[in-house]
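Q: The residues making up each chain are set out below.
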Amino acid sequence: MFFSEVYGVYFNAMAEILRCAADHPIDMAEMRKIIAGHAFGESGVFIEQCIKDEKWQLMTADGRTNIQHAPTMPLTLLEKRWLRAIQSDPRINLFDVVMPDLSDIEPLFYPDDILIFDKYSDGDPYEDEDYIRHFRMVLKAVREKRPLKICTLSRKGTVTKSVFLPAVIEYSEKDDKFRAVGTGKHGNTVNIARILSCKLTDEQPPDIKNSHTARTVEFDLTNERNALERVMMHFAHFEKQAVKTGDKTYHVSLCYDKDDETEMVIRLLSFGPMVRVTAPESFVALIKQRLIRQKRCAESNVHY
Amino acid sequence: MSYSELIKNFDRIREYMIEFYVYGFKSREEYTQKSSRSYDDERRRLESWFGDYIRINYTPDGKNFSLSIDSRSTGGCPLYAAWKAKSFTDGAITLHFIIFDILYSPEIKLSLKEIVDKIEDYTSLFSSPRTFDESTVRKRLREYISLGLIRSEGRGRNILFSRTEDTPLNCTDVLEFFSEVSPCGVVGSYLLDKTKRNDIFTFKHHYITAATDSEIIFRLFEAIHEHRCITIETFKMHKSGSDTAKPMKAVPLKIMMSVQNGRQYVMVYDLQRKVIVPVRTYNIASVTGEEVCVEHETYRSVLDGMLPHIWGVSTVNRAGTGMDHIEFTVRFSDGEQYIYERLEREKRCGTVTRLDDNTALFSADVFDARELVVWIRTFICRITSFSCSDSHIEEVFAEDLDRMYKMYGITEEDEDVLQ
Chain X
2 MFFSEVYGVY
12 FNAMAEILRC
22 AADHPIDMAE
32 MRKIIAGHAF
42 GESGVFIEQC
52 IKDEKWQLMT
62 ADGRTNIQHA
72 PTMPLTLLEK
82 RWLRAIQSDP
92 RINLFDVVMP
102 DLSDIEPLFY
112 PDDILIFDKY
122 SDGDPYEDED
132 YIRHFRMVLK
142 AVREKRPLKI
152 CTLSRKGTVT
162 KSVFLPAVIE
172 YSEKDDKFRA
182 VGTGKHGNTV
192 NIARILSCKL
202 TDEQPPDIKN
212 SHTARTVEFD
222 LTNERNALER
232 VMMHFAHFEK
242 QAVKTGDKTY
252 HVSLCYDKDD
262 ETEMVIRLLS
272 FGPMVRVTAP
282 ESFVALIKQR
292 LIRQKRCAES
302 NVHY
Chain F
11 MSYSELIKNF
21 DRIREYMIEF
31 YVYGFKSREE
41 YTQKSSRSYD
51 DERRRLESWF
61 GDYIRINYTP
71 DGKNFSLSID
81 SRSTGGCPLY
91 AAWKAKSFTD
101 GAITLHFIIF
111 DILYSPEIKL
121 SLKEIVDKIE
131 DYTSLFSSPR
141 TFDESTVRKR
151 LREYISLGLI
161 RSEGRGRNIL
171 FSRTEDTPLN
181 CTDVLEFFSE
191 VSPCGVVGSY
201 LLDKTKRNDI
211 FTFKHHYITA
221 ATDSEIIFRL
231 FEAIHEHRCI
241 TIETFKMHKS
251 GSDTAKPMKA
261 VPLKIMMSVQ
271 NGRQYVMVYD
281 LQRKVIVPVR
291 TYNIASVTGE
301 EVCVEHETYR
311 SVLDGMLPHI
321 WGVSTVNRAG
331 TGMDHIEFTV
341 RFSDGEQYIY
351 ERLEREKRCG
361 TVTRLDDNTA
371 LFSADVFDAR
381 ELVVWIRTFI
391 CRITSFSCSD
401 SHIEEVFAED
411 LDRMYKMYGI
421 TEEDEDVLQ
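Sequence order for the protein chains is X and F.
Note that the working numbering has the first sequence beginning at 2, numbered continuously upward.
Note that the working numbering has the second sequence beginning at 11, numbered continuously upward.
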């Protein structure tokens, strides 16, 4: 069963309440805090009422419980099958952990059941021992919030040494690449596949704020050839706002990271005349620049 | 029935989530063709589940609600919350915690009667103790057996129940990563709920809409493994209260996923039309397993043979027959060798040939060349030739470029400026 209350936030919140109540008498304030941390915006009122009315006979209104052991639940078969399935993924080797032995469990899916058809072909080398070692070191640094002395090879073949404090590891499914994101002299991102060596250090990186700079682009969208669905799905992962402006027209504004501006330009161009960028002017200029160049290509060359 | 933020059935909320998250421009009136109360309830649920992500836009047509999520900054997929909102009865939650408290260790093995007797001890603490008869408790235990939480064994004339062994998990980072990138990742999220998150990962280009199709994908995996035929019911249209279209009987073969638009498809052998076609999981209302298909392996081999000519998922071209040949050349300067590298890494089933230091040719023979056009347009500003065996595609490509030149007011003078 996929959709079951045993996975639900109410059960999780109640388990935590009972766990605390098994340890000490629990008051309403503590209960509300637990519910806020485990359940939804309106859950508190409902759960409190059920306890007060003794509908859920697990806890009295004065905070006593009939449950004698801290609540636990074994893994469901579905959870075991999913855990078994991910153990066939080559990326599991990046993690220095012992996964539970589930050899007698049928995986929920096999690698051959799935094809990701538009992933880039130059993804990170998950089987490479150096890569795995570097990944684990970055992971350790993120967990312990410690800087790394890092040596990387640039796209142009230049070797760079720096101190880098990774805050998170970012993964792009499209690129199939991991990047350490944090603070360093040479920027806020390090491709893990470009690391030649790295080790933990007590040196601190320069105090440079390299945070993402949010920008907004606005465009008109004409719903021809199912463009509405295609465009909105394509840009679904951004924070955005869409307004219907006519029978088949919409105005969309979306936020993106300044560092990804070129990518945004080509992604918007890919929708052809169904998308017309309207603001900011600087972005419109980038689009026009490419179209002017294209017109020149067409006129100086060739047939389409 | 009074409003509850919990739901019995996932189907209706699934549609609302997509509408709010992907589109988000519809007014209340556009949702309320069947029931305005239904819209109000669903919207209130979404507000409760996704509070911080809800945006209200005021337009001349009224208030529009949308879900605005930058999946790069959230860490975990917020849409999983919907899978954790299954409704239940007061008796179910009471029994759940009491049963697992009685059976607190795998060594404890009790009969149904013993469990029922012990439950009475638990509820006696309350002013109006609930009573649970044997059939209610038996039903609950059976459900837990099917979930894999409880096991039963015969002992003489009795059946004894015990909890299954605990599986120690010490892999939070693994769960945080795979719950976002793996099929049916919501299961990983269920597991994460039992632990404290480390928040190690963020995800770029991260499409989270697939979360809403999790159970459909799960059912498709089951049918693929068991080599079963299935009946698929698809939505006629995606809006609240939509009807389902005529069922399709098919043999599911493979799940195809896009990491560039978040769409998921199942490639099926359509038993009526006798062709392999993609069905988008977003459009699937239900999947029902039918009889075993002895031809499953054959159809799978046919699909495997077709894959080197499928750019995305389409298996039929515009004319409905044969294969399309498509090619284009791009030009790049000495300092733009990354364009060539881009072609190489993005070529999929196509071929890239270097014509000289600054020119490369991409070509492909595919079932449906229309699928490549969007990608080819990403090379606008460098495309020096474009041709396709389907002349209509060539014409549309050229017309689209002309429309774009006009749309942005590009004139001869602009060209001169650039030179």
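A portion of the hints provided could be inaccurate.
[What the hints assert, rightly or not] Every beta carbon over 12 Å from chain X, so not counted as near; a handful from chain F, in silico:
1) 15
2) 122
3) 200
4) 302
5) 312
6) 341
[Unchecked claim] Straight-line alpha carbon distances no greater than 27 Å define the calculated DSSO-like cross-link-like pairs of lysine-lysine that follow:
7) F:36 x F:18
8) F:214 x X:56
9) X:141 x F:204
10) X:56 x X:34
11) X:120 x F:36
12) F:128 x X:175
13) X:56 x X:162
14) F:128 x X:150
15) F:214 x X:178
These are computed hints drawn from the structure, not numbers from a lab.
Just so it is clear, CB atoms sit at the ideal spot from N, CA and C, and this is done for glycine as well.
Q: Give a verdict on every hint.
A: Cross-check of the supplied hints:
1. A beta-carbon of chain X is positioned within 12 Å of the beta-carbon of residue 15 of chain F; the least distance is around 5 Å.
2. With a cut of 12 Å on Cβ distances, residue 122 of chain F stays outside the contact zone with chain X, its closest approach being about 19 Å.
3. With a closest Cβ-Cβ approach of about 4 Å to chain X, residue 200 of chain F is found to fall inside the 12 Å limit, against its non-interface label.
4. The non-interface label for residue 302 of chain F is consistent with chain X: the shortest C-beta to C-beta separation is roughly 17 Å, beyond 12 Å.
5. The Cβ of residue 312 of chain F lies farther than 12 Å from every Cβ of chain X, with a closest approach of about 15 Å, so its non-interface assignment holds.
6. Distance check for residue 341 of chain F against chain X: the nearest CB is about 7 Å away, which does not clear 12 Å, and the non-interface claim fails.
7. Between the alpha carbons of residue 36 of chain F and residue 18 of chain F the distance comes to roughly 25 Å, so the proposed pair stays at or under 27 Å and holds.
8. As the CA atoms of residue 214 of chain F and residue 56 of chain X are separated by approximately 45 Å, the hinted pair breaks the 27 Å bound.
9. As the CA atoms of residue 141 of chain X and residue 204 of chain F are separated by approximately 22 Å, the hinted pair is consistent with the 27 Å bound.
10. Among the hinted pairs, residue 56 of chain X with residue 34 of chain X is consistent with the structure: their alpha-carbon atoms are about 21 Å apart, no more than 27 Å.
11. Pair hint residue 120 of chain X plus residue 36 of chain F does not hold up; C-alpha atoms about 33 Å apart against a cutoff of 27 Å.
12. Of the supplied pair hints, the one linking residue 128 of chain F and residue 175 of chain X is violated, its CA atoms being roughly 55 Å apart against a limit of 27 Å.
13. For the hint pairing residue 56 of chain X with residue 162 of chain X, the CA-to-CA distance comes to about 64 Å; that exceeds 27 Å, so the pair is violated.
14. Only pairs whose Cα atoms come within 27 Å are accepted, and residue 128 of chain F paired with residue 150 of chain X is rejected, the gap being roughly 61 Å.
15. Distance hint between residue 214 of chain F and residue 178 of chain X is fulfilled; the C-alpha atoms sit about 10 Å from each other, no more than 27 Å.
Comparing the model with each numbered hint stated earlier shows that hints 1, 3, 6, 8, 11, 12, 13 and 14 do not hold.
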